[in-house]
Amino acid sequence: MEPMSLTGNRPDEPPFESLMFNEEIQRLIALPPAPVGNASSFTAILELGPTQAMELLHWPEPSESSNPYVNSVDDGAVLFAPTSSANTGYGANCLAFSAGENGSSPGASSASSPKVKKEIVPYSASDWSTWTHPAVSDTAPESKVPGSTKRKVRDQLDKGSEKKKKNESSQDAEALPYVHVRARRGQATDSHSLAERARREKINARMKLLQELVPGCNMITGTALVLDEIINHVQSLQRQVELLSMKLAAVNPQIDFNLDSIFTPENASLSDGNFPVPMTWSDIQIGGSMEIYQQQGHFPSFQHSVWVKEEGSSFVMPEASHITSISSANGVPLDSRQLKMEM
Amino acid sequence: MDSNNFFHDLHADTSLESSRKKRRKIEAESHSSETEIKWKSESAQRIYAVKLVEALQRTSSQNAPPAPSEAAGGRVVRDVADRVLAMAAKGRTRWSRAILASRLRLTMLRRHRKVKKASGSASRPRKPLPTAAEDRKNRLPAVGNRVKILSRLVPGCKGIPVTNLLEEAGDYIAALQMQVRAMTALTEIISVSQGDRLGSSSSSQA
Chain U
1 MEPMSLTGNR
11 PDEPPFESLM
21 FNEEIQRLIA
31 LPPAPVGNAS
41 SFTAILELGP
51 TQAMELLHWP
61 EPSESSNPYV
71 NSVDDGAVLF
81 APTSSANTGY
91 GANCLAFSAG
101 ENGSSPGASS
111 ASSPKVKKEI
121 VPYSASDWST
131 WTHPAVSDTA
141 PESKVPGSTK
151 RKVRDQLDKG
161 SEKKKKNESS
171 QDAEALPYVH
181 VRARRGQATD
191 SHSLAERARR
201 EKINARMKLL
211 QELVPGCNMI
221 TGTALVLDEI
231 INHVQSLQRQ
241 VELLSMKLAA
251 VNPQIDFNLD
261 SIFTPENASL
271 SDGNFPVPMT
281 WSDIQIGGSM
291 EIYQQQGHFP
301 SFQHSVWVKE
311 EGSSFVMPEA
321 SHITSISSAN
331 GVPLDSRQLK
341 MEM
Chain R
1 MDSNNFFHDL
11 HADTSLESSR
21 KKRRKIEAES
31 HSSETEIKWK
41 SESAQRIYAV
51 KLVEALQRTS
61 SQNAPPAPSE
71 AAGGRVVRDV
81 ADRVLAMAAK
91 GRTRWSRAIL
101 ASRLRLTMLR
111 RHRKVKKASG
121 SASRPRKPLP
131 TAAEDRKNRL
141 PAVGNRVKIL
151 SRLVPGCKGI
161 PVTNLLEEAG
171 DYIAALQMQV
181 RAMTALTEII
191 SVSQGDRLGS
201 SSSSQA
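Just so you know, the sequences run in chain order U and R. When we follow the UniProt record's numbering, the leftmost residue of the first sequence carries the number 1, and every step to the right adds one. When we follow the UniProt record's numbering, the leftmost residue of the second sequence carries the number 1, and every step to the right adds one.
Treat the hints as calculated values from the structure; they're not laboratory data. Be aware that a few hints might be false.
Restraint ranges, calculated between C-beta atoms of paired labels, are given here [what the hints assert, rightly or not]: (1) Met219(U) to Lys148(R): 22 to 32 angstroms; (2) Ile149(R) to Glu212(U): 18 to 28 angstroms; (3) Met219(U) to Ser203(R): 14 to 24 angstroms.
A short, non-exhaustive set of chain U residues, derived as facing chain R with CB atoms under 7 angstroms [to be verified]: (4) Leu209; (5) Glu229; (6) Ile231; (7) Leu237; (8) Ser245.
None of these values were measured; they are calculated from a predicted model. We put the CB at the ideal spot given by N, CA and C, even for glycine.
If we strip away everything but chain R, and leave its shape as in the complex, we get (with noise of 0.2 angstroms):
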């Protein structure tokens, strides 16, 4: 019909296409740049690594007379970490909130999973959107499957719809690089200050 390619026409050639193609592509730059943002600067990363420093101290003058054992203290440094790792994402995302919520609930939850876990709760992550489905791509095991696996290694993450899972597994990745870039400079920093430390201290003596 001849309305209709005169309204395909139209469609092409109007600008509000171009404006909003436009507005799209920005607001998807964004939200990706966003997430690249917060976790990508250099001022989080430096932020991040002294708080945890400071968190150390405080956690090293608190545990300094209990004399944690040697395997116990790299758990509670983890566990310190991953703590601030969550305060730095200022609670917007899923796995941070869990991250610190685990932390006032850890040994009560801790008896009552593993009850349950010894009951073989079978309780998985439902499948979204069971019916209707146009695209079967989901239906695969093989998807379906690394799904599963991906919200049991992100934090809190265990039976959220794939589209929010998606997005808290790239902030939490982001925030894992950060994280490691962080405690490696940190461990350099230290085990070569120290190295310096001891090293002087020896040739003052000598």
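So that you can see chain U by itself, here it is in the shape it has in the complex (with noise of 0.2 angstroms):
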């Protein structure tokens, strides 16, 4: 069979080959963006006959791009990954081992399998670990009509699992052209363990995301308790919250009717004066929001006073004459920076 007579090949075409491979992988590379509308030929799209796609199946085993792309001539259809945003739901869908979350393509997926490992046993030979398709053959044409995105899942008898995270993170950005779950040394490389794995992964990948989000769970290992710290932290979030909204509805009655005339009288009595004052919003740009605010002829003096001084007590001292020209340009005084100082 062909694999295993190019097999034998290998060591003697890599070198030279190796040139042309990696110009093939670029061109590959700069192709997904742009979005293939039918995409059931890849040899079409690498401009190769099927007998030199053959060729590149079977010996670059370090390209990963165009091997998922190969694999499938076989299938006679490949999917390429159009990164488009109708693609990305589809795709989503698609990233077959997530199955159950999206429930469209799983059924696609787990047909073709079973059919691609047949290729896969003759490969086995070279010592790769099993590859793994996602749908593709049979109901590629269907499944293609938006100009779908679909992921090949491909292992390699690697350590790293980082390839995996591409996975989730093109999951939620954009639709990449496909993902790689690497098989750990020993582990298990059938589907199901596959689309286990690499749920597993994403999940890992979410959970680091919301320990960084949730103060304090840095130091915590293990998915039970940094789960406890995100379930009190949104509890007290939401506690907080509440006590807030009764805070201000204890203090709202009193505001709505005079907004315009709270800061008014206020104006003349507070002196301003130029405090260094701890900043509940740090980091505002004086100079952009200054203007915003000043253009909104119709604000209610009330924002528009609160936001001028926030954002004037927001500078520190450096800023004092800068905010002064600001606030007595709109006839507001420096109240919040008085606020600030009994906060």
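Fit chain to chain and form the complex, with the hints in mind.
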């Protein structure tokens, strides 16, 4: 069979072919962003004959990009990954091994994976772990209607699992052409385990994001405890919101009537000073926002003055003159600094 | 096998790998930073607070005739705040859509839900991937329980898979943090300004 014969040829060809191959790979990398309407024949895209494609299939182990495409020649259908937003949803569905998350294509993927495995068998002689392909061949035509994004999952005897992360990031950001799942040494490589592992790694990535979000979660190891912290944090935040809303409600009835007049009487009484104050709103860019608020003539003076003051006091001492000029231009004194002082 | 080693080396050295790793890192960072930036930016906070005040004005002008009770006033404010927060999310997250939708269906569904709860609805979110679990972590009741609790806490996330739930929870937490910051500042400003107003009025009267 071809693969077996080519295996013998590998040591001879690579030095020469690798150059050609890298170009192909780079071209392939450039390709995915451009949506490929009908991705049925990758060979057309590669601009190679089928036999050449087969060669590429079998010897370029290092290249992950072309292999999935190449392998599917056998299936007669290649799914490329136009990165259009329309595909994102389908691509997410196609992340077959997140089976059960999106119900559309896992059936298709599982249907095709047995078929794909037959091709994997002869290849395993080369000591590479099995390849798995999510759906493609049979259901490809129907599923490709919107120029769908398909993910190719491929295993290698590699220990890194970082490629897997592209999975979740691509799902979240925009559709990437492919996803690579690494099978760790000694781990099962059937599609179910792969799916499970892919899903598990996605979950771990999200957990890490959550850990960064929730203060004090970095030290904790273990999903359960981290989840505990997250739950506590959410509950405390919700309780804070309730408390604050009650406070606001207590304060509110007195506000609504005299919003405009609230600050005007205060304006005369309060003196502006240049105090360095702790800021609630940090990193405020005065320039742009000042223009924004000045331009909104219809703005109720309450908010207007509030924000002017907020922005004024956000600048520490050196900007005091600037703030003074701004506030005098608006006819609003710098109450906020005093307010902040009292905080 | 020699070919095996050869390919391992090639694999390690290919620039393709590094470029892909970079891409992956950038996208992972962009994903998390998207959430962060959306809810952490000062402009977002300001916009939220402003809209909140406007909404509160509107509701208080509406409610002034009926004269809401003290406790209900707090609830009203909280609902308004949550709704404004959900609006700020621009409908891209599940919890925001759930908050906005719940307002429409609130009264109707509450009755139905009470009936269902009385009948003991034990419908729990299905366990993700019940078969072929390579890793047993999710099977531990500890994690599963907490996932359920979390799904109850985040609005509109009852029966969704864990991955999506964690994503929603992240966005929700960031939004809540922004909400707390905004409302804290708002109450400070308002209460102090009111204190000043009252103080000045009393001093002027004196």
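Evaluated hints:
{"no.": "1", "hint": "Met219(U) to Lys148(R): 22 to 32 angstroms", "result": "25 angstroms, holds"}
{"no.": "2", "hint": "Ile149(R) to Glu212(U): 18 to 28 angstroms", "result": "21 angstroms, holds"}
{"no.": "3", "hint": "Met219(U) to Ser203(R): 14 to 24 angstroms", "result": "52 angstroms, violated"}
{"no.": "4", "hint": "Leu209", "result": "5 angstroms, holds"}
{"no.": "5", "hint": "Glu229", "result": "10 angstroms, violated"}
{"no.": "6", "hint": "Ile231", "result": "5 angstroms, holds"}
{"no.": "7", "hint": "Leu237", "result": "4 angstroms, holds"}
{"no.": "8", "hint": "Ser245", "result": "4 angstroms, holds"}
Violated hints, listed in ascending order, are 3 and 5; each of the other numbered hints is respected by the structure.
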